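Visitor: Starting from the known structure of chain A, arrange chain B on it as the hints suggest.
Number of protein chains: 2
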Amino acid sequence: MTIPRSASVEIIAVGSELLTPHRQDTNSLFLTARLNDLGYAVRFKTVVGDETAGLALRLGEALEQVALVILIGGLGPTEDDKTRSAVARALGRRLVFRPDILKTIEERFRNRQVRMTSPNRRQAYIVEGAAVLPNANGTAPGQWVRAGSKTVVLLPGPPHELKAMFDKSVAPRLERRRAGFIARRALMTTGLGESALESLISGLYPKAGGGLDLTILASPGQVELHVVSHSRVSRKLAEKKADGLAARLRSRLSEHIYSDRGESLEESLARLLRDRKMTVAVAESCTGGFLGHRLTAVPGSSAYFLGGFIVYSDALKTGLLGVPQELIQSAGAVSSEVAEAMAAGTLSRTGSDFALAVTGIAGPGGGSPEKPVGLVWIALAWRGGVDVRKSLFWGRRELVKFQSAQKAMDMLRRHLLQPEAAGNRDVT
Amino acid sequence: MTIPRSASVEIIAVGSELLTPHRQDTNSLFLTARLNDLGYAVRFKTVVGDETAGLALRLGEALEQVALVILIGGLGPTEDDKTRSAVARALGRRLVFRPDILKTIEERFRNRQVRMTSPNRRQAYIVEGAAVLPNANGTAPGQWVRAGSKTVVLLPGPPHELKAMFDKSVAPRLERRRAGFIARRALMTTGLGESALESLISGLYPKAGGGLDLTILASPGQVELHVVSHSRVSRKLAEKKADGLAARLRSRLSEHIYSDRGESLEESLARLLRDRKMTVAVAESCTGGFLGHRLTAVPGSSAYFLGGFIVYSDALKTGLLGVPQELIQSAGAVSSEVAEAMAAGTLSRTGSDFALAVTGIAGPGGGSPEKPVGLVWIALAWRGGVDVRKSLFWGRRELVKFQSAQKAMDMLRRHLLQPEAAGNRDVT
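Quick mapping for you: the protein sequence lines, in order, are chains A and B.
Residues in the first sequence are numbered from 1 upward in steps of one, following my numbering.
Residues in the second sequence are numbered from 1001 upward in steps of one, following my numbering.
These are calculated hints, taken from the structure and not from any lab test.
Only a predicted model underlies this, so the values are computations on that prediction, with no experimental measurement involved.
Heads up, some of the hints might be wrong.
To be verified - Pulled a few chain A residues facing chain B out of the computed Cβ check, cut under 10 Å:
id: 1; residue: 33
id: 2; residue: 34
id: 3; residue: 57
id: 4; residue: 99
id: 5; residue: 102
id: 6; residue: 226
id: 7; residue: 291
id: 8; residue: 308
id: 9; residue: 349
id: 10; residue: 388
As the list claims (entries may be wrong) - Some chain B residues well away from chain A (every beta-carbon gap over 10 Å; in silico):
id: 11; residue: 1058
id: 12; residue: 1094
id: 13; residue: 1132
id: 14; residue: 1255
id: 15; residue: 1263
id: 16; residue: 1281
id: 17; residue: 1284
id: 18; residue: 1299
id: 19; residue: 1330
Positions of the beta carbon are idealized from the N, C-alpha and C atoms, including for glycine.
Chain A with its partners taken away, still in its complex shape (with noise of 0.2 Å):
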């Protein structure tokens, strides 16, 4: 999509510990939905550590680039926090000190009854021309600094701080020369893999310089489709392009779409159950928790999680589940049959609408060849019926364990989506 330049952005993320092994910029992703809700493209991202003249350069060769450079953190009042001064060289400008900024941290340190040590003062200065962003979340204001035509924006790194400004101070400068409107979808699929969707979406692809984009993100267990639209005119405009090629790619998709505003998996699942009035709970071998805890992700999941077991020794999946310890030893803990039997006997044991019941290999060892790594039986079972099913997934501990909980809430949900299905006697 071809944004012209002055809707090009840099972000630079300001702090050392941005360059270590053990920490990543995160509030660049939030920044980026927001500029592209604004009708901006991030052309460079950007880290660099607390040195002012590393910084002031860098800033330096943004500035020949692109119309709008946004710099986070750094705005502390320690002596490591390099970015005011980074700017004032970068631009040529002085720091001037304001004593109403510094009134205001004064207050918010009184407010909370802390006192306040010498080097806040620091955070009472701003380059020579700014407009002072305030913070509602901390003491660091933020600057908006014009330079020509272009624009430097200081933002503090704190995400909760970070957020608010850029809403509250930010958002509402761009939105006032904004350069054009984009709109997005977020188609999100499971239970196809990504070359099976893309023969079924073939010819749906946008033709280039038409402002229409359509972007695949494929990861195991998940693939999304990634529609945005451009328009020089107005938003109406940009979301009729989008919500066009979304309804084309959901025509052909169909139910492999569980949301289309980007949501996960298990929000998806909580609609459909709440929306039912229906409850579900889980036995889990080789999840080991981990679908109870995707279940649980949603606020207010109480509604529809009851709860349920974790078995992942053979014990305690005849202990507690009343797997016949005979099964177990003719058709083995991974098997069509226990999986059946962990899902009936939830359901008995809990009085849940639907149990899923999940048993499987997810490695690295405990594999054979009869039986390899990724070998994952997952039941639902529902008063009056059962599914199984068999997979075998790619990957390593923590994929099987994903992809695993990713297909058993996918079976409830494609059940639920059956006009005959148990739990819609009382819907249609």
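Guide: What follows is chain B alone, placed relative to chain A:
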């Protein structure tokens, strides 16, 4: 820490998808760890889209500042893959077709019985003068390009290709000209807040200039102390310095440190349980399965983890674990009494040596002035005793779940470290 310019690095990740809100470069974290071990320090990290002009420009700027530039990605077979041509442009060199590379690629396709499509030919071009770095896991070879005193390295984007290539072909080349030796120690703590920890270790911060650094990374439920030392002389000297500081920190923090080699809490706990041949089971309310998920994240966890109960609803607390209904009504589901009863019920029903029970309010809803969001009761029970603790955790739903699991595992860990604790009877 001062690292000479000859050991300074910029990492440039290439790919327009890395400039969206949905994807993030993570290869640079792996590369940073490896580079640090080799005595190199990352000075800048940059993300550039699939555009030759921007990439060539950024590479030129990087070469002005650092000794080594590593480019990640953009080596695929399609028109989107611009890294080769951008490097050629920045260095003023030609791209050279290498029939031997094409042959290797063709063989790879033949072996996998896949027909090669013509675009793969692109991958057989190298920058004039470059050394070819073989790709054991993919078609795109890497490249090692000398340019005066500077070096440019091109690596493929898929992590398993990049990692294998770095370790096999890049690390040995860097080793030969290493600028120094770096040693790292990661001391992992839980159960102490950042400021409490800082006051315990006051006076231990190393002075600047001695080639020894201490960084504290605090997040809810975990504080990590990273020791990094640098020596121009030998690895041994670097390690001695790092071990010296680590020992001084350990003498102050003792049992608050659960690992001095960067392990996760579940890995440390796994070792303690394995050594003692003891087992654990869980009863989870507000964590919803997350504690079991953490415990089973360690390969081979079936040696010490039996399983347990997810009792999200009060009915299941009574039905599965025998928590008296009257107790839930009088004391409340989130109470010391119910946590203790959950742990006792788990112990008797699973036959484990230890039981961990968690009941709390993960939020955002469900809080009250007496029992606010973040209130969590955790019980550890064993044959002959029980320990119940109250916590008030701060943060969003997933953070409350994380801190609860962290605290539960830490209670068991500290218990196992007591000389007189259950579990140590046969050991001492």
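Visitor: Give a verdict on every hint.
Guide: Hint check results:
1. Look at residue 33 of chain A: its Cβ gets to within about 4 Å of chain B, closer than 10 Å, so that hint holds up.
2. Because the smallest distance between the Cβ of residue 34 of chain A and any Cβ of chain B comes to about 9 Å, under 10 Å, the interface hint for this residue holds.
3. Of the supplied interface hints, the one on residue 57 of chain A holds, with its beta-carbon coming within about 7 Å of a beta-carbon of chain B, less than 10 Å.
4. A hinted interface residue such as residue 99 of chain A counts as satisfied when its beta carbon comes closer than 10 Å to some beta carbon of chain B; here the least separation is about 30 Å, so the hint is violated.
5. A cut of 10 Å between beta carbons decides the hint on residue 102 of chain A: the least distance to chain B is about 25 Å, and the hint is violated.
6. Of the supplied interface hints, the one on residue 226 of chain A holds, with its beta-carbon coming within about 7 Å of a beta-carbon of chain B, less than 10 Å.
7. At a threshold of 10 Å, the smallest CB-CB gap from residue 291 of chain A to chain B is about 7 Å, leaving the interface hint in force.
8. A distance limit of 10 Å between C-beta atoms decides the matter here; for residue 308 of chain A the minimum to chain B is near 5 Å, and the interface restraint holds.
9. Because the closest C-beta pair between residue 349 of chain A and chain B is about 7 Å apart, less than 10 Å, the hint holds.
10. Hint status for residue 388 of chain A: violated, given a least beta-carbon distance of 21 Å to chain B, over 10 Å.
11. Annotated as non-interface, residue 1058 of chain B brings its C-beta within 10 Å of a C-beta of chain A; the closest such distance is 7 Å.
12. With 10 Å as the threshold on Cβ separation, the claim that residue 1094 of chain B sits away from chain A holds: the shortest Cβ distance comes to roughly 26 Å.
13. Against the 10 Å criterion, residue 1132 of chain B stays outside the reach of chain A, whose nearest CB is about 28 Å from its own CB.
14. The beta carbon of residue 1255 of chain B sits about 23 Å from the closest Cβ of chain A, which is more than 10 Å, so the claim that it is off the interface holds.
15. The beta carbon of residue 1263 of chain B sits about 14 Å from the closest Cβ of chain A, which is more than 10 Å, so the claim that it is off the interface holds.
16. At roughly 8 Å, the least C-beta separation between residue 1281 of chain B and chain A is not larger than 10 Å, which violates its mark as non-interface.
17. Not every CB of chain A is more than 10 Å from the CB of residue 1284 of chain B (nearest about 7 Å), against its label as outside the interface.
18. Distance check for residue 1299 of chain B against chain A: the nearest CB is about 5 Å away, which does not clear 10 Å, and the non-interface claim fails.
19. Separation of residue 1330 of chain B from chain A is adequate, the least Cβ-Cβ distance of about 21 Å exceeding the 10 Å criterion.
Hint compliance for this structure: hints 4, 5, 10, 11, 16, 17 and 18 are not met, and every other hint is.
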